[in-house]
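Chemist: The chain contents come next:
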Amino acid sequence: MLNLSRWKVILVIASVIFGILFTLPNLLPAGTRAQLPGWFPKQTLNLGLDLQGGSYLLLEVDTAELRKDKQVALIEDVRKTLREDQIEFADLGAVGGDVTVRVIDPAEVDTAYTALSRLSNRMASGAADMTVTRTPDQRLRLAFVEQALREQEAGAVDQSIEIIRRRIDELGTKEPSITRQGANRVVVQAPGESDPERLKNVIGQTAKLTFQMVDDSVTPQELAAGRIPPGSEVLPSTDGYSPAYLVKRRALVTGEMLTDARQSNDPQTSAPVVNFRFNSQGARRFGEATTQNIGKRFAIVLDEKIISAPVIQSAIVGGNGQISGNFTIESANDLAVLLRAGALPARLTVEEQRTVGAELGADAVKAGMTSTIVGFVSILLFMILAYGLLFGGFSVIALLINGLLIIAVMSVTQATLTLPGIAGLILTLAVAVDANVLIYERMRDEVRAGRTVISAMEAGFSRAMSTIIDANVTTILAALIMFQFGSGPVRGFAWTLSIGVITSVFSAVLITQVLLALWFRSRRPKTLPIA
Amino acid sequence: MWPLIKILPVQTHFRFVHWARLAGFLSIVAVIGSLFFTIWPATPPCGGLTCGIDFKGGTVLEFATAPKPVNLGAARQALSAQRLGDVQLQAFATAEDPGARFHAMTRFQTPAGSNPAVTVQQVKAALTGIHGPTTTFSRTEVVGPKVSGELFRNGLMALGLAILLMLIYIWFRFELQFGFGAVAALFHDVILTFGLIAVTRMEFSLTTIAAILTIIGYSMNDTVVVFDRLRENLRKYKKMPLREVIDLSINETLSRTIITGLTAILALGGLAIFGGEALFGFSLIMMFGIALGTYSSIYVAAPIILLWGVKRGEEEAVPLKPATSTR
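So the protein sequences, as listed, match chains A and B.
First residue of the first sequence? That's 805 in this note's numbering, and the numbers climb one at a time after it.
First residue of the second sequence? That's 24 in this note's numbering, and the numbers climb one at a time after it.
Certain hints may be false.
Derived Cβ-Cβ restraints for the label pairs, each shown as a range [as the list claims (entries may be wrong)]: (1) A/T1217 / B/E226: 30 to 38 Å; (2) B/P168 / A/A1119: 46 to 54 Å; (3) A/V1038 / B/R99: 50 to 58 Å; (4) B/N138 / A/Q1096: 39 to 47 Å.
Taking lysine-lysine and the DSS-like style, the derived pairs with C-alpha atoms no more than 25 Å apart in a straight line are [said to hold, decoys possible]: (5) A/K872 / A/K978; (6) A/K1052 / A/K884; (7) A/K1109 / A/K1052; (8) A/K1052 / A/K872; (9) A/K872 / B/K169; (10) A/K1109 / B/K29; (11) B/K29 / A/K1330.
Chain B regions said to be covered by chain A (calculated; three or more residues, Cβ under 8 Å) [as the list claims (entries may be wrong)]: (12) 38 to 50; (13) 123 to 137; (14) 169 to 179; (15) 184 to 198; (16) 224 to 234; (17) 267 to 280; (18) 288 to 302.
Hints in this document: simulated from the structure, not taken from any laboratory.
The beta carbon of each residue, even a glycine, is placed where N, CA and C say it ideally should be.
Chain A on its own, in the form it takes in the complex:
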C-alpha cells in the first residue's frame, strides 16, 4: 500500500490539475472568463432554478381529449361513407372507445363492411390503425388499434414540444429547457426573471384560430328562446360590444393558413392590433368569402372565444389582414407569437408550477455559500484538533482537493446544483472525513496490537478499505433511488451526493495514501503521531 507506484503519483497530480483547472472558471468574473484562451474550460456550476431563480412547469397533454376527438371524427366519417354509398343504417354511436353501427338491410352488411374498412389508415409499421368486426344483429364495430392511438399521442406530444419551443423562443426567454417526461408530459424550465404567468398563458393556450361568418338569420329574440339554427353555434365574445355571437360552425379560414403575424398599431386609432398574412390558399378563400359577404359580419375566433367581429367593408383579396380587439401591446404581441408558432394539437394543462424569484435565489446562494464555508472550515479545524497538524493536515489536504474535484466534476457534467444539493455537499464532506477516520483509527488499532509503524500503516489501509467500500456503496444506493424516484431538487441532491461520495473515496484513500507514503519515506518515523 505504501509503495509509491508511479501511476498513483501521476493520478494524484492529474486529479489536482483537473480540479484546479475546472474549478477556476467558477471563481472568475464573467468578463475575464470570456477573454480566456479557447482551450481553457469555461463551464461553471449549473445552478438549479431554486438558486438562480426561474420557473419550472410540468405540463400534461390531454390525450384523453385527443382520443375522444378521434372517435367523434370517426363517427362522422362512418355517417358520411354510408350515406355516400346509400346504405341505410341506425344506432350509430360510441360504445366505450369503439364506434358501432347497425346496418338495416342484412344484404348490405358486406358492402358496408368493405366500405368502412377503407376508412382505416396505415401505421408506420404498415398495419391498419383500425379494425372492423361484424357482430350479430347486423352490427359493425370499428375499433382503433391501441398502438395506433399511442403513436398518435406520442406524435401529439412531440408536436406540442416543438410548438412550445417555438413560442418560448419567440418570447425571448433565455436558455429554456423543454423536455419530455413519461408518455404525455412536458417539462419546461425557464431560468431568469421572466413572468411565469405570462409564460403559462403563452404555453398553455391551444391557439386554434378560425374565421367564421356571423349567423344573422335569426333575430335576437328567437335566439334567446333557444332557436339555434343547425350548423351554427353560440360562442362567447371578448370584443366588448356583445357578450356572445351566433356564428356558423364552418370555418372560412383557419390558423394553419397563416404565414405571418406581427403586433402593430392601428394607423387611425393607434390601438394595438395584430397584422397577419395568409398563404395562397387562405388568401383565395378569404378573398372569395369577403367578396360575397360585403356588409356582413364575420368573427375571429381563438380557442372558442370571439376576439372581434368586424363588418366586412370591402373585399379583402391581397392576403393581408388585421385583427383588432381588446388588446394591450403585450397581449397583442403574445397573440402574434401564438399565431406564428401554430396551434397545439391538444389541450395542455399545467399540473405543477414552481417559480422562485431571482432575488430569493440569490439569497439562497448566499446562505448556501456561508453555511458551506462554515461547515467546511469547522470540519478542517476539527480534523486538525483531533489528529494533529500532520495527520489532520493530510486529511485537510485531501478534503480540499476533494472540494475542488466535486466542483470540477459538477461543472464539467453540468449537474444541477440545488439548495438541498448544497446540504448534500456538506454531508459528503463529513462522509469524506469518515474514510480518513476509519484509516487512522485502524492504524491506531494495529499499533496497539504491537505492529511496527510501517506494517500498522499498511494494515490500516488494507483493512479499512473493505469497510470504506461497504459503507459508501450504501450511500450510493440511497442516492440512486433518489435519482430514480425523485424530481427536481431531490434529483439535484442525489447527484451531488453521488459525485461527492466517489470523489471523497478517491481523495481520502488515494491522496492520503500518497501523502503518508511521502512522509514515511522522508522521515522514517519510529512512532505514529496519532497513536
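Use these hints to put chain B onto chain A, whose structure you have.
Modeler: Quick look at chain B alone, frame taken from chain A:
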C-alpha cells in the same frame, strides 16, 4: 494533550450489551409512540404528519409589496372571494424587513374541478390589485392533485425500495441475520425520524424524503462499520462468547463513531444556523437522524444479532437466548 485523539482512551470497555434490554425497551416504546403520532389523526394522505403541498397538492405564494405595507385584511377578503380551501395568510420578516411589514405568504387549496394553475393567476391579479403594480411574487409553487398523488406514491416507494436494497446488499456482503439487524436499525431510525417530524409539526415534503433517504444511507454506513469489525472479531476470537465479541467490536469502533458523528453534526450545525429557513428543518432532521443512526447501530442492529445468533466457523448457529425453547 494535542492531538485530541490522544485523550480518547486507547481501549474502552463499556458493557454495551449489558444495557441492551433497557435500550430495547426504550426503543420499542419510542417506535410505538412515533408510529402513533405519525399515523394519528389518520387524515389522508399524510396521517399525523403536517403535509406539505408536495403531497396533498395546493399552492404557496410569497409576495413582497414594498413600498406599500401588506394589507392582510384586504388580502384575506380577496382570497376568500376566490372560493379557496384551507386558506392561510401571514406576514413574515426578512433581513431587510425585520418588522414583517412588506412580505407575506399564503397557502391554499384549489377546489376540485378548477385548474390550480389558472386559479393562481387570478389570486395574483387580486393581490396586485390591492397592493399596486409594484407587488412582486418571489415564490410560486403550485402542485396539482394528479402530481401530488404521484409524488407521494413515489416518495413512499423510494423509502421502501431503499430499505429493501440495503437488506439485499448486507445479505450479499454479510449473512442474512446481519441484514435483518441492519434493516431493523433502519426501520427504527426512519420511524423515529417520522415521529420527530410529526411531533414538531415540521412540514412533510419531498425535501424531507431526501433527508430521510440520506439518514438511511448514513445509518447503514454506521451499521456496516460496526458489523465489519464484528465479522472480523468473530473470526479472530472463535471461542469468545458472542455477547463479548459484540461489546469488543463496538468498543473498538467507538472512537471512529464519535469522531465521524461529531464532524457530521458540526457540518450540519453550520447548515442549520446559516442555511436559512429553507435548510433549517432539513439539517435538523439530518442531525437527529445521525444521532439515531449511531445509537441504532449499537443498540438495535447488534442486539438483534445477539438474539438471532450467528454461524461461527464449524459451529451451528446458536442463539444466545432462543425465542422459543422448542427446536
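Chemist: Please go over all the hints and tell whether each is borne out by the structure.
Modeler: Status of the hints after comparison with the structure:
| no. | hint | in the structure |
| --- | --- | --- |
| 1 | A/T1217 / B/E226: 30 to 38 Å | holds (31 Å) |
| 2 | B/P168 / A/A1119: 46 to 54 Å | holds (52 Å) |
| 3 | A/V1038 / B/R99: 50 to 58 Å | violated (38 Å) |
| 4 | B/N138 / A/Q1096: 39 to 47 Å | holds (41 Å) |
| 5 | A/K872 / A/K978 | violated (37 Å) |
| 6 | A/K1052 / A/K884 | holds (20 Å) |
| 7 | A/K1109 / A/K1052 | holds (14 Å) |
| 8 | A/K1052 / A/K872 | holds (23 Å) |
| 9 | A/K872 / B/K169 | holds (21 Å) |
| 10 | A/K1109 / B/K29 | violated (80 Å) |
| 11 | B/K29 / A/K1330 | holds (17 Å) |
| 12 | 38 to 50 | violated (count 0) |
| 13 | 123 to 137 | violated (count 0) |
| 14 | 169 to 179 | holds (count 5) |
| 15 | 184 to 198 | holds (count 6) |
| 16 | 224 to 234 | holds (count 4) |
| 17 | 267 to 280 | holds (count 4) |
| 18 | 288 to 302 | holds (count 12) |
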